[in-house]
Amino acid sequence: MSLPIDFIVLALVVICGIVAISVKDLMAAAIVFSAYSFLMCLSWAVMGAVDVAFTEATVGAGVSTVFCVAAVFHSTRRTKD
Amino acid sequence: MKITGLLTVIICGALLTYYAMDFPDFGDGRSPANTYLSPHFLENTMHDAHVPNSVTTILADYRGYDTMYETTVVLTAGLACFFLLRRKESTSPPARFFRHVPTGLTLRIEEGGKLPAENSKVFTRIDSLWAPDSLIIRNTCRLIIAFVQLFALYVVAHGHYSPGGGFQGGVLLGSSIILFSISNDLRRTLKRFREKTAAVLGAIGVLIYSGTGFVCLLMGAHFLNYEALSPLLGLKTGDPMARSHGIFSVEIGVAFAVMSVMIWIYYNLSSAGKHDEGL
Amino acid sequence: MEQIFTAMGAKYNYVAYIILMMVGLYAMIVKSNLVKKIIGMSIFQTSIILFYVSTAYKTGKTIPIVPYDAHAAVQAADFINPLPHVLMLTAIVVSVATLGVALALAMKIYRQYGTLEEDDIHEDLRSEEGKS
Amino acid sequence: MIRHLPALLVIVPLLTALTVSALSWVAPRLCLPLTFGCIGASLASSIGILVEVIKSGPVVYTMGGWSAPVGIVYVIDYLSAPVLVVVTAVALINLIASSKQIDRDFSDKKGTFYTLYILFVTGMVGIVATGDAFNLYVLLEIAALTGYSLIGIGHERAPLSSLNYLFIGTIGASFYLLGVGYLYIATGSLNMADLARFMAMPEHGTSTMVMFAFIICMTGLFIKMGLFPLHGWLPNAYSYASPASSALVAPLTTKVMIYAMIRVGLYVFTPAYVFGRLQVGGAMVWIAVAAIVFGSLLALAQKSLFKMLTYIVIAEVGYMVGGFFLGNRMGITGSALHIINDAAMTLCLFLAAGAITYRTKSDDFKDLKGLFHQMPFTMTAFTVGALAVIGVPPTCGFFSKWYLIIGGIQAGHYGYAAALIFSSLVNAVLFFRIFETAYFDQPGDGKGHHHGHHKHHKHKNKMVEAPVSMIVPLMITALGLIALGIYTGDIVTHVIQAAIPGGIA
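Residue numbers (this note's numbering), protein chains in the order written: chain D, 7 to 87; chain F, 287 to 565; chain R, 947 to 1078; chain W, 2 to 506.
Next up, chain D with everything else stripped away, as it sits in the complex:
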C-alpha cells in the first residue's frame, strides 16, 4: 500500500496543529503555526488549488506569523498552557 503525498502532508499538518497549541512557549507556538500554515499550503497545492496555496503561503505562513511574533514580542512569551 503506497501512501499518497497528500496523506503524508495532511498527517504533518495535523501534528503541527496539535503541537502549535500545546507548546509552552508562545514564540515557539507562533513559529510552529507558521510551519502549520506552510504545510497546509503544500497540501492545497497538491490538491490543485494553486491560487489558494499561493495566498496561504504569503498570508498564513508570512504575514500572519509576523503579526503573531509582533504581538508576542510586545507582551510575554510565557504561558501556563
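Hints are computed from structural coordinates only; laboratory data are not their basis.
Warning: the hint list may mix true and false statements.
[Said to hold, decoys possible] Partial list, computed: chain R residues near chain F (C-beta under 7 Å):
(1) Ile964
(2) Leu1049
(3) Ile1067
(4) His1068
(5) Leu1071
Remember, predicted model here, so these are calculated numbers, not experimental data.
Just so it is clear, CB atoms sit at the ideal spot from N, CA and C, and this is done for glycine as well.
Mind docking chains F, R and W on chain D? Use the hints.
Here is chains F, R and W on its own, set in the frame of chain D:
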C-alpha cells in the same frame, strides 16, 4: 473546564464524522458541486473575459462583488487595529539607546542626559528591545527586497495567466516593506512609508475597486459590469478585452489596498501603537 | 466497522478537516492564554478552508487554468473546480483580518492587565469587585 | 437611477466610508457632514425601495450583470425592504444622538470611528439585501469586524469582552460558512433562490447532509444572535462598550441575525422542509421559552441599567426565534413585526440609557435617584420605551406580542404563550422599580442624610437635561414607537403578509 471542553469537542467531532460519511468521495469529479456551476465558469472564461486563469475571472468578475467586500474586510482590519491600538502620547522609555556608527558602540543615555541631534550622522537611535546590528542581515535583506518587489509586480500583472493576482501581489509588496522594517528599524521605515500614506493608500485602493464598478454604473450598465467600460477604453462593444482590462484595474486596486493595510497593521502591532520602536 | 474505515479511507481529507477543526475548537474552549486561543481560532478557520478545497478536487485532473486559445473547446471535466478556490481566497483574507484584530485586542488587554492568561485576568477582576 | 437603487443602497455608503477614511487624515472637519449625508442617502434610498416594492413587487439586481446562479444578485422583497428602512433609520438616529458622545469619547480618532460606523451599516444593509448565501458570510464578517472594534474601544473590561465576542462570533460565522459548504457540495449552487429550488427535489429533502447543513447554519446564526445557551458573549460586550457604539450595535446585530435566520429558513431551506420534514419546531420553541425565562429572570438580578437592558435583549431574541419556529402564519408575522419593533424599542432604551450616563457618568441603579426631576425629557422617552417592552398599547410592543401569543395558542404551544406573559410581567416589575427610584427617591439619599438634605434642596429642581442633539432623536424614536403601534395594521397587511410564502397556514 478541561474535561467539559474535551467532551464537547469529542461530541462535535463524532457528529461531524458521522455526517461526513454521506459526502461524495474525495476526488470525485461527478459530485453536484463539480458538475452544476463550475463547468460554466471554465468554459466561458476565455470567451467572456479573455482570461485563462478561471480563478481570476470568477474572483474579479463573476463574483467580483464578493471580492470588493473582501478587500473592504482587509481595510476594516487595518482601521480596527489603528482604532484600538494607536496612541498619540509619547511613552518613550526613560533611557534611550544610541549607536556610535564608526565604532559600533552602544550608548545608553539616562533620562535628563543630553541626546544627540536628530540628524546626527555619527549617532543613530536604536530600539530599547534592541537586537544586535548585523551587516549580513541588513545587506541580504536590502538585496532581497528589490527582488521581492519585482516578483510582486509580476504576480499582480500576471494574475490573468498564472496563479496570483492583486491580493497575493499586494501581500508580497507589503511584506517587502515589513522585511525592511525588521532588518532596519521602524523609525526609518516610517520615514519612507508614512502612516498617513498607508492609511490613505489603503482607502484609495478599495476606492479604485469600487470606483471601477461605479463607473460601469454611470455608463448605464449594472454595478461592476466591466463590459460598459469598452467605450472608455476605445474598444468595440462586446469585446472581451473590456472585461480583461476591468479585471486588471480591479486587481491593481486590491494590490494597493492590501499592501498598505498589511504595512499599517504591522506598524501598529509591532510598536504596540506607539510608532517609535519596532521589533 | 470495517465499512466505516473503508469509507474513511476514501474521505481522509474530510477526516483531517474534522480533526483540525476540533483541535482549534479545543484550543478556543480550554486554553486560558489569549494568544493560544487566537492560534486555535486560525486553525479552526483553516480547517474549513481545507474542507472547501477538498470538495473541489478531482482525481487526476489539472489546475483550473484553461488553454490560451479563445476558439478551443474547453472540457470542463478535465479541470479542477475553481469556484471553491475563489470562495476560499475570500475566507483566507477574512481569517487574516480577524487575526489582526484579535491580536490588537490581545495587546490592548495585555497593556491593561499585564497578563495574557484569561484565568489571571478573571481572578484580578473578582478580587477588585470584592474590594469595592 | 431608480433601476440601480438596490446597488446604490450599499455602494453609496461604501464609497463614502472610503472617502471619510482617507479624508480623516487630510480634512477631518468634512467627516461628520459626509457621514450624515451618506446615511441619510441610504435611508432615502431604502424608503424609495420600500415604496417601489409595495407598488410593483420584489426587486432583483444582478451584480456585474451576471444573472442568478452564476453571479451575485440582490433581492429586495417584502421581508427585506422594511428591515432595510429600520437599519438605516436606526443608524441615522443614533448618529445624530451620539455625535456629542463621539466628540467626547474619541476626539482624536473621530474619522476612523465614522468610517467604522458606516462600514458597519454597509455590512448590515448588505446582509439584508443579498440573495447569495456566500455573500452573506462576507458581509457578516464586515459587520462583525467593525462591531468588534467599535465595542473594543469602550471602558474597563471592553477589550476583554470584545475579544471574547470575537472568538464566539468567529465560531458562529465559521459554522455558517461550513453549513453553506455542505449545501454547496449537496447541490452545487450558492444562490438562495436556486438552493430553494433544489430543496424541493426529493433526494435533497431526505439527504442527511442537507439536514446537517441546516443544523450547522442555524447554530452559527444562533451563536451570532445570542440565543439562550449560546448568549455568553452578549451582556458584557454590549454593556462595557461606549454608549455611542452599543446603541448602534445592540439594536442592529441581533435583529439582523434574526432576519438572516428567517431568510435562510424560509427562502433557502423552504418552510416545507423546515416545518414539514425536520420537525424541529417544537424543540426550538422550548429553547426559546428557556431563553425568555432565563433572560427575564437575569434582567431582574442586575444592578445597572445597561446590563439589565442586555438581558432584556436576550429575552427578546427568544421571542422572535420562538415565533419563527411556531411555524404558523401568526407566529412568523409576529416574529417579523417584532424585528422592526424591537429594533426601535432597543434603540429608544439604549439612547435613553446613553443620555443618562452622559450626564450622571454611571448607570448604576443607585445613581438614578430623582432623575425624573433632573432629566424629564429623557425619562419620558425611557418610559415610552419601557411601556413598549412591557407591551402596553398603543405602543408597538403590544401588537407584535399579540401576534406572537395568538400564534403560540394556535400552534398549541401554551408554554410559549405563558412565557411571553411571564416576561411581560417581569419587565413591568423591572421598569416600575426603576421608575420608583427615579421618581420618588431624592438624589443623594442614603448616607449622610442631614448633610445631603441641605445640598439637594438646591439641586432638586435643577434640570440637568442631556444636550438637545440627544433629546430630539430620542423623542423622535419614542414617537416612532407609538406611530409603529398605530400603523401596525398597515405594516402587516401591506408588507409582512406578502413576505411570508404561501403554504404556511
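Under 7 Å, Cβ to Cβ, is where Ile964 (chain R) needs to be relative to chain F, so tell me if that hint holds or is violated.
Cβ of Ile964 (chain R) sits 5 Å from chain F, so the hint holds.
With a cut-off of 7 Å, does the beta carbon of His1068 (chain R) approach a beta carbon of chain F closely enough for the hint to hold?
violated, 12 Å
Interface hint status, Leu1071 (chain R) versus chain F (Cβ within 7 Å)
This hint is violated: Leu1071 (chain R) lies away from chain F, its Cβ roughly 17 Å from the closest one there, beyond 7 Å.
Holds or violated: the hint that Ile1067 (chain R) contacts chain F, with Cβ atoms closer than 7 Å.
Hint on Ile1067 (chain R): violated, closest Cβ of chain F at ~15 Å, above 7 Å.
Evaluation of the interface hint that places Leu1049 (chain R) against chain F, nearest CB under 7 Å:
holds, 6 Å
Violated hints for the displayed structure, listed by number in ascending order: 3, 4 and 5.
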